[in-house]
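The listed protein sequences derive, respectively, from chains A and B. Mapping to this note's numbering: the first sequence position 341 is 341, numbers consecutive. Mapping to this note's numbering: the second sequence position 25 is 25, numbers consecutive.
By construction, these hints were calculated from the structure, which means they are not laboratory data. A hint or two may mislead.
Some chain A residues close to chain B (C-beta under 7 Å, calculated; not the full set) [claimed, not checked]:
hint: 1; residue: Tyr62
hint: 2; residue: Asp165
hint: 3; residue: Phe320
hint: 4; residue: Arg323
hint: 5; residue: His356
hint: 6; residue: Gln362
hint: 7; residue: Asp365
hint: 8; residue: Val368
Computed from a predicted structure; not experimentally measured. Note that CB positions come from ideal geometry on N, CA and C, so glycine has one too.
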Amino acid sequence: MDNQNITADNSIGDIPPCPVAPDALQGIPRQQTNPERWQGEQWPAFVAALQQAGVELRLAQYNKGTYVTDAGGLAYGMPHGVVVARSAEQIATLMQLAQQHKVPVTTRGGGLTTEGESVAFGGVLLDMTGMSRVQHIDKAALTVRTQGGIFWHLLAEALRREGLDYLSAPLNLTSSVGGTLGVGGIDVNSSKLGCSADQALALQVVTPTGEIVECSDEQNAALFQRVILGYGQFGIITEATLRVRPYTPLRMHYYYYSSLRDAVEDLMRIDRTQTCDYTGILTMMDKAITLLVAFDSDEREAEFLNHQRKTLRGYGELPFAIRTAVHYALRPWRIKEAFYLFQRKRELFPDLQPAHHMQGGQMIDRTVVFSRAVWKHWGGRQMVIPDIASSVDKFIESVERGNAVCKKYFPHYTLYCVGIKLRPEHKPHYELSCIPPDAEGWAYGCEFEPMIGDNSYSRDQLQSFKNDIYDIGVDLGTSYYRFGGMMKGYIRRALGDEVVEKHLAMKRQADPAMILNRNVVF
Amino acid sequence: MSHSDCHGCSLCLLSCPMWQQRRDVQYSPQGIFKARQHNATHEEISPALFSCLLCGACDTLCPENIDITASITTLRKESFAAGTALELKDKVDALLALSSPEAKVEENTHILPGKALRDMPATLARTQSLLSNETSSALAADDGDDIALALEAGIEISEHRLHSFLEPLQGAKKLYVNNGLLLKSLRQWLPATEHFALGHSLSQLSALTKKLNADDLYLIEARAFHLDHKLKTTHYDQLRHQQGCQINLDLQRNAIPTAAGGLNAIQAMLDSKAQGAWILNGRNVQRIVVECAEDGIAMSQVSDLPVLHIADLMET
């Protein structure tokens, strides 16, 4: 790589001492990674250089205010200026000048982070949604080339017109492809197809020093490995080539449990059989646990119903309703909880099978149905969703301990569990990511989300809840899906110094001024 | 709920024609609302504010249930009051002044077809005949095109003009209205009358829809559709399944509008050709059937395919 544009600076790698008092976090090794919080030095010179280079920089308060927080709604920060991404060349110029003037650049796609990862605390906010067009669909090769800032939903929109669909993507309409490839991307078919990041065949990346590089497992493989699941540390994804597949509607089945352990065990067991195309768990507290299974074809569905269904301990809807009614009839002092479950089911379930997205009993637009349900029933001004990503062996304990934490803090909450099939050849991609280092075959993730609703919780309380969940990860040696921003301190604690130091060294080499997404991991 | 309730989820971007074209959050309801929350002046938001087609797709998506189109209209009114976009206001005002109300027609059912359909006399005659199956219907003497434009622009309509428009319609039991914005307001102005979207009403006639086939792209009139989204989605989905035709619906079941007619015809802020190209992108069809005559004109400009008004299916 050509690093000529980088200012020679002897302070690179010269990290000042951590400003936190040594006894503040007993037993936790700490090191200040970035030299210091950026105070706007060299900003006027940078602005002048950017303008001279013809890159539009928006400086008005109302331009910057649009990006003041992320989906989490807990981290607030204001950039000095905003650049709307338009081309790889424009971004390359931006990055070259940002390196030269040591101006932080924070990239943002859909802004669906929850720990402030896509919030700029000064510097430039690079809005990648400006690059969100599908470039080429190859129906024969089953691939698509798209710009990195595109929302998965818009990609699905373009693919559907060709009778195609993406492989797997987050259950959220406005996640961007580039952002997702950088962090993983989990769908209810990840237990079969892997995470979204595993679907990337090639990328065009603008490096932190402003070079435009095409990379894949065959070409510039080291960069590809770092950028995939790299949390935006090693480059900006401007284009991506993804695998796609023929579109199929979904045949859904729900099984209901009152035991979290039974449900999780069944989930992991049927994932091993690979007889389902989609699996996941969604709960109402630990009282009504729903195991979702779905299929891409009638044959797969029939095979499952004939052979695997009888091995599941979950009930059908009616038997479970009767069982639950009896349970609460014997415990009348918990009638409020029963009422909540009933109400929640009544509101939620119609939205999981809306008539206009169903045809002949099949779901024809899973991307829309799941995502809209997520927004409607789990979304809000503050989204507090700490999670744990673990190996198979540690998953049940992770879920049960996380559930206990949820119970301690909130009357109503949801757990969402899903498996991720790992690809052994992608092991280099997984290092220092949501995929835990000890995972073999599958990794599992569980999100713990309080139903905040109209209740008002202090920021302290929400943070304390998150810390309790993240502490389980440290204790068990797992990883996290949401992996950075305000919780970045946990990365070193959970994954250890060695791997963090290794990646920090690579980061310093790739990004000498440590400007790209500097508040996310290191 | 108003624009100050927007918390920036970006869902409105997904079906927003101006965002689709520009890929710039400033050109979206979210961008406009967030800008206002951060103290943008009317002048600063003016380019985006007056690019909005008021198609109403965002209204169906907003998780905060903000009446986005009403908020946009309110902001437009405020803009004019603040002395912004006066050139546009003058143009619309001039059109308002040109209108001349006519005499009352004594029929129970009135049709307000709009100028573009009036310019197609044979199609208009078929439309009138098709909607007169049960009771005779009359063409309204006054379509209220200027009023629809004023509603879109956020310009105050004088009491005199409004009175002259509504007076002949007072006795009507049913109104078939081509323009979705006008339909929305007529429901408020004449609550005792039954109001129907003209295109949607024609699409319920099996004599017409049975002539649709898998080679057709059927264009729903977006504004009227989004006004009764839930109800009409079921109808059009059935139409699609029964006839196999393609429809200008996106995955959200929102209708992708053309940028034809209305304010965009006076001051082109959106590229109607690009909009038509997006509607056609990836679709393998042989014919385009439209509910709204303006949409037909717009699609003729971007495609060599035959374009038919739905009423003209009678003649095929």
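> For which of the previously enumerated hints does the structure constitute a violation, in increasing order of number?
Replying inline: Checked against the structure, the hints that fail are numbers 2, 3, 4, 6, while the rest are satisfied.
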